[in-house]
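K.L.:
Sequence:
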Amino acid sequence: MTIAGPKYGEIGSGEGGAGATWLTARSLAGLKNIRHGFFGRQGGYSQGVFAGLNVGTRNDDLPSAVEANRALVAGHMGFPPASLTTARQVHGVRCIRVETPWPASAAPDADALVTDRPGVLLGTLTADCAPVLLVDPAAGIVGAAHAGWRGALSGILEAVMLGMVEAGALAARIVAAIGPCVGQVSYEVAPEFEAEFLAHDGASARFFATAFAGARPHFDLAGYCAWRLERAGAAWVEVIGRDTCAEPAMFFSHRRASKTEDPRHGLQISVIGRLE
1 MTIAGPKYGE
11 IGSGEGGAGA
21 TWLTARSLAG
31 LKNIRHGFFG
41 RQGGYSQGVF
51 AGLNVGTRND
61 DLPSAVEANR
71 ALVAGHMGFP
81 PASLTTARQV
91 HGVRCIRVET
101 PWPASAAPDA
111 DALVTDRPGV
121 LLGTLTADCA
131 PVLLVDPAAG
141 IVGAAHAGWR
151 GALSGILEAV
161 MLGMVEAGAL
171 AARIVAAIGP
181 CVGQVSYEVA
191 PEFEAEFLAH
201 DGASARFFAT
211 AFAGARPHFD
221 LAGYCAWRLE
231 RAGAAWVEVI
241 GRDTCAEPAM
251 FFSHRRASKT
261 EDPRHGLQIS
271 VIGRLE
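Residue numbers (my numbering): 1 to 276.
In case anyone wonders, no lab produced these hints; they're calculated from the structure. Since the model is a prediction, treat every value here as computed from it, not as a measurement. Built from N, CA and C at the ideal position, the CB exists for glycine as well. Incorrect hints may appear among the rest.
[Unchecked claim] With beta-carbon atoms standing in for the labels, derived distance ranges:
(1) R88 to A68: 18 to 28 Å
(2) A51 to E276: 33 to 43 Å
(3) G168 to P248: 39 to 49 Å
[Said to hold, decoys possible] In the SDA-like style, the derived pairs of lysine to any residue whose C-alpha atoms are separated by at most 20 Å in a straight line are:
(4) K259 to Q184
(5) K259 to P248
(6) K32 to R117
(7) K32 to A107
Using the sequences and the accompanying hints, generate a full structural model.
P.N.:
What follows is the structure, given as structure tokens:
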């Protein structure tokens, strides 16, 4: 079952001069010992085009600012900085089971992470792609996935579900939440893009819409991700429903930045973990 999140999410606030603001999913909030958050760009220590809570390590931001931003995120979730674990995302379908946290500098190539260990805070970085956080509350197993169009089409969501099941979860107990990503109104695509999805599965047509005859299609990334999760057996899927491209004060956006003179941009982070 898919439910739409509240129009503006459930907002939790950090405290202090560098405090951050994050959104929480109703379906994940209140689960025993589970902490999660979909962070935006607000707060943090980065400056310039990266201003705010940039956690991306593969851009021109100051490493010291990124490290401080990552520590800030972990602290707001109640975890030590070293517990925050992310991958080097490559728009693929590799899912890794995390047993011990690693530093950002040693991150392996992957687009999904799963853990059954308490004290590990999984993170996924985005700037228009869909961040997906998952949990089997009974088993205490959590997952985080980075789902751009290519990864979603290729099967990253099924991969993270399978990774959780292999760690001891049951698909029928998995609750998933899809965080802020580029919204359909902002996501104009080429006809060839739509054709690739339809060639994979004709039922994908429902996730493309045109404003008028002859117009380019617009793609519903969050809706498509929810559909793939449901077909993989997830018990509950929530869509937060925020458009990263349309909210420059709240989110970093690759699509928005690419239309400016300086296409550089930061990355926001979404996290989930189980406390000790």
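K.L.:
It remains to establish, for every hint, whether it holds in the given structure.
P.N.:
Taking the hints in turn, this is what the structure says about them:
Taking 18 to 28 Å as the suggested C-beta distance range, the pair R88 and A68 conforms, at roughly 20 Å. At about 34 Å, the CB distance of A51 to E276 agrees with the hint of 33 to 43 Å. Separated by about 41 Å at the C-beta atoms, G168 and P248 satisfy the suggested range of 39 to 49 Å. As the CA atoms of K259 and Q184 are separated by approximately 17 Å, the hinted pair is consistent with the 20 Å bound.
With a C-alpha separation of about 13 Å, the suggested pairing of K259 with P248 holds against the 20 Å cut-off. Our distance criterion of 20 Å between C-alpha atoms is met by K32 and R117, whose separation comes to about 15 Å. A C-alpha spacing of about 29 Å is found between K32 and A107, which places the hinted pair above 20 Å, so the restraint is violated.
Violated hint: 7 only; the structure is consistent with all others.
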